[in-house]
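The listed protein sequences derive, respectively, from chains A and B.
Residue 55 is where the first sequence starts when you use our numbering, and the numbers rise one by one after that.
Residue 72 is where the second sequence starts when you use our numbering, and the numbers rise one by one after that.
The hints are simulated quantities; they were obtained by calculation from the structure and are not laboratory data.
Treat the hints loosely; a few may be bogus.
What the hints assert, rightly or not - A few chain A positions that, by computed beta-carbon distances, are all more than 12 Å from chain B:
no.	residue
1	Val67
2	Gln70
3	Arg87
4	Leu111
5	Val114
6	Arg122
7	Ala295
8	Phe298
9	Thr305
To be verified - Take a look, some chain B residues computed to stay more than 10 Å from chain A by CB distance:
no.	residue
10	Tyr106
11	Leu165
12	Asn222
13	Arg262
To be verified - Sample of chain B residues facing chain A (criterion: CB under 8 Å; computed from the structure):
no.	residue
14	Gly95
15	Glu141
16	Asp149
17	Gly225
18	Gly253
19	Tyr258
Glycine included, C-beta positions come from ideal geometry on N, C-alpha and C.
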Amino acid sequence: MPNPRIYRTDAVVLRQRRLGDADKICVLFTPQRGRIEAVGKGLRRPKSKLAGHLEPLTKVSLILATGRTLDIITQAEAIETFPALHDNIDRLSRGLYVAELVDRFTDTASDVGELYRLLVGALQRLNESSGLDLIVRWFEMQLLLDQGVQPRLDTCVHCDSDLTPEGNAFAPLLGGVLCPGCRVGLPGRPLSAKAFKLLRFMQTAPYGDVARVRIDEALGREIEAHLREVVQSALDQEVRAAGFVEAVRATRPLPTESSP
Amino acid sequence: MSGRAPVTAAPLARLIEAFHRLPGIGPKTAQRLAYHVLRAPRDEAEALAVALLEVKDRIQLCAICQNVTEQDPCTVCDDPTRDASTICVVEEPLDILAIERAGGFDGRYHVLHGSLSPMDGVGPEQLKIRELLQRLRSADVTEIILATNPNLEGEATATYLARVLNPIGVHVTRLAHGLPVGADVEYADERTLSRALQHRVSLTAAPAAADEPPEQPADPADAPPPDFD
Numbered sequence: 055m056p057n058p059r060i061y062r063t064d065a066v067v068l069r070q071r072r073l074g075d076a077d078k079i080c081v082l083f084t085p086q087r088g089r090i091e092a093v094g095k096g097l098r099r100p101k102s103k104l105a106g107h108l109e110p111l112t113k114v115s116l117i118l119a120t121g122r123t124l125d126i127i128t129q130a131e132a133i134e135t136f137p138a139l140h141d142n143i144d145r146l147s148r149g150l151y152v153a154e155l156v157d158r159f160t161d162t163a164s165d166v167g168e169l170y171r172l173l174v175g176a177l178q179r180l181n182e183s184s185g186l187d188l189i190v191r192w193f194e195m196q197l198l199l200d201q202g203v204q205p206r207l208d209t210c211v212h213c214d215s216d217l218t219p220e221g222n223a224f225a226p227l228l229g230g231v232l233c234p235g236c237r238v239g240l241p242g243r244p245l246s247a248k249a250f251k252l253l254r255f256m257q258t259a260p261y262g263d264v265a266r267v268r269i270d271e272a273l274g275r276e277i278e279a280h281l282r283e284v285v286q287s288a289l290d291q292e293v294r295a296a297g298f299v300e301a302v303r304a305t306r307p308l309p310t311e312s313s314p
Numbered sequence: 072m073s074g075r076a077p078v079t080a081a082p083l084a085r086l087i088e089a090f091h092r093l094p095g096i097g098p099k100t101a102q103r104l105a106y107h108v109l110r111a112p113r114d115e116a117e118a119l120a121v122a123l124l125e126v127k128d129r130i131q132l133c134a135i136c137q138n139v140t141e142q143d144p145c146t147v148c149d150d151p152t153r154d155a156s157t158i159c160v161v162e163e164p165l166d167i168l169a170i171e172r173a174g175g176f177d178g179r180y181h182v183l184h185g186s187l188s189p190m191d192g193v194g195p196e197q198l199k200i201r202e203l204l205q206r207l208r209s210a211d212v213t214e215i216i217l218a219t220n221p222n223l224e225g226e227a228t229a230t231y232l233a234r235v236l237n238p239i240g241v242h243v244t245r246l247a248h249g250l251p252v253g254a255d256v257e258y259a260d261e262r263t264l265s266r267a268l269q270h271r272v273s274l275t276a277a278p279a280a281a282d283e284p285p286e287q288p289a290d291p292a293d294a295p296p297p298d299f300d
C-alpha cells in the first residue's frame, strides 16, 4: 500500500540543522516510524508560525506531507515544551545527551513506541525531578536493553559461571562482566560490588525504585564510566554531548545525588 | 558513453565547482554564476577576484572583541565615544550589524563565533569564551548583555555564560523574549507566550516595575532512601 500523502504523528524533536537560507531539517523521533528527518519550511524566519513549536527537546503533534526525499512539516503544535529543562543548563546538558543517544542509536523503524515512551519519560523527569545523572543512567540502560546491546551481568562473559558481586571486572568489549577468575589477563576495568548490584538492579527495576537508591558521587561516576564505555563500544564512536555534560559540571561545585 | 571529452572547458568547470561549494548554491545556480562571470567584462571579473583575495589577506579578528575587521583593534573597540563598561555578546559578526541597525546601543561587542551545539561537537572550547573572560579581567566592565539567538543553542550558550560569568560579579542580562512585531498571538507557541507574559510591560501613566517572574517550584525532595547494598 502506498504511503499516504499526508499523515499525522506525535514526535520528539531531537535536533535541527539549517537548510538553505530560511529552512531547517528537523530530526524527529516518532512512535510509529522511528527516527525520521523532515523539512520545516521558513523555520529561520522571525515570523515563522512553526519555529517555536519545533525547538529541539520538545514533544510535538505534527502533520507532515510525504515528499520525494524528505517529508515536509505542514503543521506543528507543541504538546510538552519542558520549560525547566530548557532554562537550566544542568538539565539541558543531560537532555541533549539523551537526545543524541536516541539520534545515534535509532533509524527509521515501524514500531518504537516503547522507546518513544522511555524518551518522553526521561525528558519529563529531567524537566521536573532531581538526581539528573541517575535519570540519564537508567535511560542509558533501558536504551541498551531496547537495542539488545545491554551488558551481560548474570554470568561471566568468558566462563559462563554465575557472578557474585565481589572482585569482578567490567569488560564492555567482551559484552559484560568478567568473574574474578577470568579477569586476569583479559581487558576490563575494576567493577565495585555496589556498582555491580546497581547496574543489575537498573536492568530490571522501574525508575521509581532506582530513584530511591542512595548513590554517592564515586558510585555515580563509576556507573557513568561503565555505561559510557558500553554506549561507545555499541556505537563505535563517542557521544559528543558527553563532553558538554562534563563542561557544565566543571562550572559549578561537584554535583551531589540531590543536585538538580 | 565513456571516453568522450568533457563538454565544459576545464577552467569553466573549475569555476562552476568553486561556486557550487558556496553555501546555498546549487549546481544550476553555480552554472549561471560561472557563465555570468565568463560573459562579464574583464575588469568586473578582476574586481571579483581581487575582492576575494583581499578578504582572505586583509581581514582579521579584532584582538579585543573578536569581530572581523581590517584594522586591529576594530572601529568599535577603537571608538572612545562608545561605552566600554557594557559588552553585548553576540553569536556572529552579522548580529552586530543587526543591532547597530536597530540603534539604541552604544556599548561594545564580543563575538563568540557560534553557539553551543553539543550534538554537533561545538562546546565551550570552540567558542570565544576564554577571550571574553580574559577581557573581563583586564577591563572595567559592569554589564554583559547576552544577545544570543532565542533558540535551543542560543539559550544553552546564554545560560552557560551566565553560570561562568556570575562568580566574576559582573551584571549579566539577557535580551527580552516576546512576540515578534507583526505576529499573531493565535499562532504563538506556549514558551514564547509564557515568556511574553512574564516580561510584560506596564502601559499605565506611572511607570511600574515589571512583575517578577513567578518562582519555579522547588524540586521534589527525594524520599529518604536506604544505602544500596
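Checked hints:
no.: 1; hint: Val67; result: violated, 9 Å
no.: 2; hint: Gln70; result: violated, 8 Å
no.: 3; hint: Arg87; result: holds, 21 Å
no.: 4; hint: Leu111; result: violated, 7 Å
no.: 5; hint: Val114; result: violated, 10 Å
no.: 6; hint: Arg122; result: holds, 16 Å
no.: 7; hint: Ala295; result: violated, 4 Å
no.: 8; hint: Phe298; result: violated, 4 Å
no.: 9; hint: Thr305; result: violated, 5 Å
no.: 10; hint: Tyr106; result: holds, 22 Å
no.: 11; hint: Leu165; result: holds, 13 Å
no.: 12; hint: Asn222; result: violated, 6 Å
no.: 13; hint: Arg262; result: violated, 5 Å
no.: 14; hint: Gly95; result: holds, 6 Å
no.: 15; hint: Glu141; result: violated, 27 Å
no.: 16; hint: Asp149; result: violated, 32 Å
no.: 17; hint: Gly225; result: violated, 11 Å
no.: 18; hint: Gly253; result: holds, 6 Å
no.: 19; hint: Tyr258; result: holds, 4 Å
Hint compliance for this structure: hints 1, 2, 4, 5, 7, 8, 9, 12, 13, 15, 16 and 17 are not met, and every other hint is.
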